[in-house]
Each structure stands twice: as C-alpha cells, then as structure tokens.
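Please arrange chain G with the ligands on chain R, whose structure you already have, making use of the hints.
Now for the letters of each chain:
Number of protein chains: 2
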Amino acid sequence: MSTAWVTLATNDGYALGALVLAHSLRRAKTRHHLHILYTDGVTAQMRSRLLAVFHNSTRVDVLDSNDTENLALIGRPDLGVTFTKLHCWRLTQYEKCVFLDADTLIIQNCDELFERPEFAAAPDIGWPDLFNSGVFVFVPSNDAYQKLVEFGTQHGTFDGGDQGLLNLYFSNWREMDASHRLPFIYNVTSGSIYSYKAAYQLFGGNVKIVRFLGTVKPWHRDTSKHGHQNDHWGYWQQIFREDVSQNLPNGLVRYTPPKSPS
Amino acid sequence: MSTAWVTLATNDGYALGALVLAHSLRRAKTRHHLHILYTDGVTAQMRSRLLAVFHNSTRVDVLDSNDTENLALIGRPDLGVTFTKLHCWRLTQYEKCVFLDADTLIIQNCDELFERPEFAAAPDIGWPDLFNSGVFVFVPSNDAYQKLVEFGTQHGTFDGGDQGLLNLYFSNWREMDASHRLPFIYNVTSGSIYSYKAAYQLFGGNVKIVRFLGTVKPWHRDTSKHGHQNDHWGYWQQIFREDVSQNLPNGLVRYTPPKSPS
Ligand SMILES: O=c1ccn([C@@H]2O[C@H](COP(=O)(O)OP(=O)(O)O)[C@@H](O)[C@H]2O)c(=O)[nH]1
Ligand SMILES: O=c1ccn([C@@H]2O[C@H](COP(=O)(O)OP(=O)(O)O)[C@@H](O)[C@H]2O)c(=O)[nH]1
Ligand SMILES: [Mn+2]
Ligand SMILES: [Mn+2]
Numbered sequence: 034m035s036t037a038w039v040t041l042a043t044n045d046g047y048a049l050g051a052l053v054l055a056h057s058l059r060r061a062k063t064r065h066h067l068h069i070l071y072t073d074g075v076t077a078q079m080r081s082r083l084l085a086v087f088h089n090s091t092r093v094d095v096l097d098s099n100d101t102e103n104l105a106l107i108g109r110p111d112l113g114v115t116f117t118k119l120h121c122w123r124l125t126q127y128e129k130c131v132f133l134d135a136d137t138l139i140i141q142n143c144d145e146l147f148e149r150p151e152f153a154a155a156p157d158i159g160w161p162d163l164f165n166s167g168v169f170v171f172v173p174s175n176d177a178y179q180k181l182v183e184f185g186t187q188h189g190t191f192d193g194g195d196q197g198l199l200n201l202y203f204s205n206w207r208e209m210d211a212s213h214r215l216p217f218i219y220n221v222t223s224g225s226i227y228s229y230k231a232a233y234q235l236f237g238g239n240v241k242i243v244r245f246l247g248t249v250k251p252w253h254r255d256t257s258k259h260g261h262q263n264d265h266w267g268y269w270q271q272i273f274r275e276d277v278s279q280n281l282p283n284g285l286v287r288y289t290p291p292k293s294p295s
Numbered sequence: 034m035s036t037a038w039v040t041l042a043t044n045d046g047y048a049l050g051a052l053v054l055a056h057s058l059r060r061a062k063t064r065h066h067l068h069i070l071y072t073d074g075v076t077a078q079m080r081s082r083l084l085a086v087f088h089n090s091t092r093v094d095v096l097d098s099n100d101t102e103n104l105a106l107i108g109r110p111d112l113g114v115t116f117t118k119l120h121c122w123r124l125t126q127y128e129k130c131v132f133l134d135a136d137t138l139i140i141q142n143c144d145e146l147f148e149r150p151e152f153a154a155a156p157d158i159g160w161p162d163l164f165n166s167g168v169f170v171f172v173p174s175n176d177a178y179q180k181l182v183e184f185g186t187q188h189g190t191f192d193g194g195d196q197g198l199l200n201l202y203f204s205n206w207r208e209m210d211a212s213h214r215l216p217f218i219y220n221v222t223s224g225s226i227y228s229y230k231a232a233y234q235l236f237g238g239n240v241k242i243v244r245f246l247g248t249v250k251p252w253h254r255d256t257s258k259h260g261h262q263n264d265h266w267g268y269w270q271q272i273f274r275e276d277v278s279q280n281l282p283n284g285l286v287r288y289t290p291p292k293s294p295s
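Chains as they are written, first to last, in my numbering: chain R, 34 to 295; chain G, 34 to 295.
This is chain R alone, in the form it adopts within the complex (with noise of 0.2 Å):
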C-alpha cells in the first residue's frame, strides 16, 4: 500500500514545524513516506532544507477563508489560510494518508493509524463533540476535493479555520463507529490550558502525538513561559539543535514571527 503522513507550510516559521515534525518521525522510525504541501510563502532556502527531509513535496496555491469575522471569534486571524489544508485530498498517488498539523509532533510510532478509516480524527478539547482537524486519517480523491471546495464555497466555516469546516462535512463523525474516533494519545494538546493532570499521570506514558495548542509555537523561541507541557516543549527543542538547526541558513536559525496585521 503506498501511504504517507502528510503536513503543510505557509511560510518558513511552520516549515521550521515541519522540519522537527519530519525528524520526530523518522526518530520514530515510521515505515511511511513524508509528504509537504507548502505555497510561495516559504523561501527557496526552507523548501531545499525541507526536501532534504521530506520523501515529496507539492508547491500549492494557497486557499483563504476570508472570513475574518468568524477567524476573531476563535482569535486567530491567521488561520483563514488553513483551508490550503484541503489541497491534501488531491494526493492520489497515496492510496491513505495521515494529515498532521505543523505543530504537532510524534512522541511514539504510530503507523498503526495507517489502519484506520477514513474519515478518522480525535475528540477537540475545547467542544469534544467536534473533532480536532491537526491529525486525521484520509483516503486521497480528486472527487472529495471538489466536494470539500465546493462545499466550503457554499457553507463556509463555523469557525474561520479549516476545523469547522471539516467539521460541518464531516458532521456524522460523533455518530460513528469508535474506529473513527481517535483515541485521544493520537491528539493531545501540550498545553495548561485544562489539564486533568490525574488523567494525565495515567494516561501520558501512552502519548503518541502531541500538538502545541495556540498562538506561541516552539519555533517562535525558546522560552520557559510557554505554557506547554515541558517534556514535549523540551523533546521538540531537542530535536530543534540536533537535527535541524545546523542544516539552517543563518537567518533561519531562530524564527520571529511577522508582526501579526491586527
């Protein structure tokens, strides 16, 4: 079966995501091609570095929301460029595929998700009901990439981002069968925000993939404000100096962020 783990890039601060998200992969030692889609944002220089590391890569037109109003409920006015997430489906030289979110990182092998259906994604802590879209299983389809396009076009996003629209195609998701529900070790969120830290002592050594919830991302710098779970933060850091950061361009070493346009 030919499959891979498939992940996107904007610009050079997620393609430094990528890049640790690629490495803690192959750390994994995942039997999995390494996909990227990324658009013009990310410079020459990144997508050399990125090929070194990645099997494929696609260059993809970006695709916006514009939905400004909806991005400010959930207060990310970036996100509108996620919808770009959805160019993954037209990847069909892959039989499945895993989608994972540039800021998530593996913890543990977990090929084992290549098993699944489609379409398969963990609970959203913030409304478990809906499913968090930075790790899900899909089949490729040049038909479900119309559809998706299309019905964003007509139904547009509850939530600015591509999550609430997944969310609004794949609404039957809470009503199907548990194989499709991640269990939750595939999507945790690093993060203090609610931590049911009981849950966690039980539960963490499990962990598989984590993802760094919210607006201070580990390529942005190191810092011990955080507010991430420090094992994760450090691992991904670890990562950062041994296997990336000298490969960088001087200028790439250390990512700061565009002021955001607020």
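Rather than coming from a laboratory, the hints here were simulated on the basis of the structure. Any given hint could be a false lead.
The list treats identical chains as interchangeable, and a pair is accepted whether it falls inside one copy or across any two copies.
Said to hold, decoys possible - Heads up, simulated BS3-like pairs for lysine-lysine below, C-alpha to C-alpha not over 30 Å straight-line:
| no. | residue 1 | residue 2 |
| --- | --- | --- |
| 1 | K241 | K62 |
| 2 | K180 | K230 |
| 3 | K62 | K129 |
| 4 | K180 | K129 |
| 5 | K230 | K258 |
| 6 | K250 | K230 |
| 7 | K230 | K241 |
| 8 | K241 | K129 |
| 9 | K250 | K129 |
Relative to the frame of chain R, chain G with the ligands by itself:
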C-alpha cells in the same frame, strides 16, 4: 416506568446547589421525580428546605476515597467524599435514573435522557476519552452497588474522586456505541478554561445542562469574577433569588464555604 433525577449533598453549600438544580428541573417541566441523597453534614433546617422541592430523599453514610495523594494531583482535597455518590445505585425503587452533580443546572428540558441505556455519560474536556461523572444515566441495582464498592476498595481511583473510579469500572465507555456517549450539550462546562467560542456560538442554543466546574461555585457568592459563562451564572443566581432565597432561614441566604484544610 418509575424514574428519577438523583443528586447528592454532603453539606449546606452543595445543598444550596441542589435546591437551585431542583428548581431548574421544575422550570423545565420535567416529568421525572427528583430525589436527593444527603449525609449528616446537611443541617436539619436545610433538609426541610430540600424536602419541599425534592419528591424524595435518602440519608446516606459518607463514603470517602481517603486518597489524599491523587486528590492533591487534581488540586481538590475535598473530593474524596464524592465516593458517596455510589449510593445512587441503591435506589432500586426506580427502574432508571439520571445522576446530576449538585453544581449542575438544567437550561432546557432533557427528559429524553431517560431513553438512554446504562451506562451513558458525556466526554470530559480534560481528557475526552474519559467521561465526566457530573451527569450520567444508570440503572439502580444492589448488585451493581456492591460491585462498585468492591472495585473501589480494590482498585481505588486514579483521581481520588468518583470520576476516576467510575471511569476505571466502565473502562470500555469510549468503545461503546454512540447511545452511551451523551452529546456534550448534556454536560457543558460553563467555564472560560478553554472555550471554543465559534463552536459555542454555533451550538450554544442547544445546551441543555451546564456544570460549574472548579472551586468557585455559584452559591459561594455572587461575584462578577466567577470565570463561568455569564448567562449560565446569571440564570443560577436568578433561580436562587426567585425560587430559593426567600424560603431559607436567615443564616443560609448566602453560604460562605469553610476554609479548605490546606
Ligand atoms: O499561517 C499559517 C497557519 C497555519 N498553517 C498550517 O495550518 C496548520 C493549522 O494551523 P495552527 O496549527 O496554527 O492552528 P492551531 O493548532 O493553533 O489551532 C498549521 O499547523 C500549519 O500546518 C500554515 O502553514 N500557515
Ligand atoms: O464536599 C462535597 C463535594 C462534592 N459533593 C457532591 O459531589 C459532586 C461532585 O463534586 P464537585 O461538583 O465539587 O466536583 P467538580 O465538578 O468541581 O469536579 C458535587 O456536585 C456534589 O453533588 C458533595 O456533596 N460535597
Ligand atoms: Mn495546530
Ligand atoms: Mn461538579
């Protein structure tokens, strides 16, 4: 079918919560009975107020997990006593019940919960593969009660409270079919902890039961710094003013909680 909503109070503070909860059930015109479990920690004055609004009551002994270590983990030394909740399985005069924490509030009629099978509960936002034990559908049975108490004695609880025990006991909840997984609208955390505002805007009108998670409960004092949704907090205070406070002996009009044994 003989059915009841069941709640629990071990002191006058939670009893105030139970009074408002009972009035919220009556305002929502429930067809089911209201039953309260109370311990000797509830004063005689308060017991007579409870009996004016609940159809039935049962005095129960305190069951305590005595698990200070795990309770420290969740920052709530007071929750060992929630093991007392297990007594609800002994209410075999009913064929089916729905347990509600005393800090929940009914926003809309939700009598349809009684059509659900045992065991049914909604996901916990802290670790959504676990259920929250603030709202659950169960079938009273002395046999089940015995098994639960034995199980608790043997395995304890990973969080020190009833939620940890019940999740260990009904450990296959995540894999059960959708009828056992209550939609989130039946147990929404009314908190600013992490709120997915866009989802709230979309589904907020459907919310049927809310829960005042955490240490600041609406009976402590009416403050604007409560950290809960204003509309839910306000509705609790309105019921308290209109249906509860005028019938309370003076000393109980606004309950000030005893200092916690820190
Ligand atoms: O400006 C952006 C914003 C997002 N993304 C991609 O879209 C995903 C989702 O956005 P983000 O992770 O920032 O959302 P959050 O997890 O914070 O809700 C990212 O991980 C990236 O893969 C991107 O490439 N450029
Ligand atoms: O000292 C206590 C603590 C808890 N409870 C009961 O146990 C439930 C669960 O505790 P709580 O709601 O405080 O837990 P939280 O929802 O904050 O986790 C309460 O709603 C009450 O019904 C009680 O009667 N006395
Ligand atoms: Mn993300
Ligand atoms: Mn509660």
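Please sort K241 with K62 into within, between, both or neither, judging by C-alpha distance up to 30 Å.
within (13 Å within a copy, 46 Å between copies)
Evaluate K250 and K230 at a C-alpha cut-off of 30 Å and name the case that applies: within, between, both or neither.
The answer is both: 22 Å in one copy and 21 Å across copies each meet 30 Å.
Should K62 paired with K129 be assigned to within, between, both, or neither, using CA atoms and 30 Å as the limit?
Close inside one copy (18 Å), not across copies (50 Å); limit 30 Å.
If the cutoff is 30 Å on CA atoms, where do K180 and K129 land: within, between, both or neither? Let me know, please.
within (18 Å within a copy, 45 Å between copies)
With 30 Å as the alpha-carbon cut-off, assign the pair K230 and K258 to within, between, both or neither.
both (19 Å within a copy, 25 Å between copies)
Within, between, both or neither: K241, K129 at alpha-carbon 30 Å:
within (20 Å within a copy, 39 Å between copies)
For K230 and K241, with the copy left unspecified, which applies at a CA distance of at most 30 Å: within, between, both, or neither?
Classified as both: same-chain Cα gap 17 Å, cross-chain 28 Å, threshold 30 Å.
Could you place K250 and K129 in one of the four classes (within, between, both, neither) given a Cα distance threshold of 30 Å?
For K250 and K129, the Cα distance is within 30 Å only inside one copy (28 Å; across copies 48 Å).
Quick one: K180 to K230, C-alpha cut-off 30 Å, is that within a copy, between copies, both, or neither?
between (41 Å within a copy, 27 Å between copies)
Checked against the numbered hints above, the structure violates none of them.
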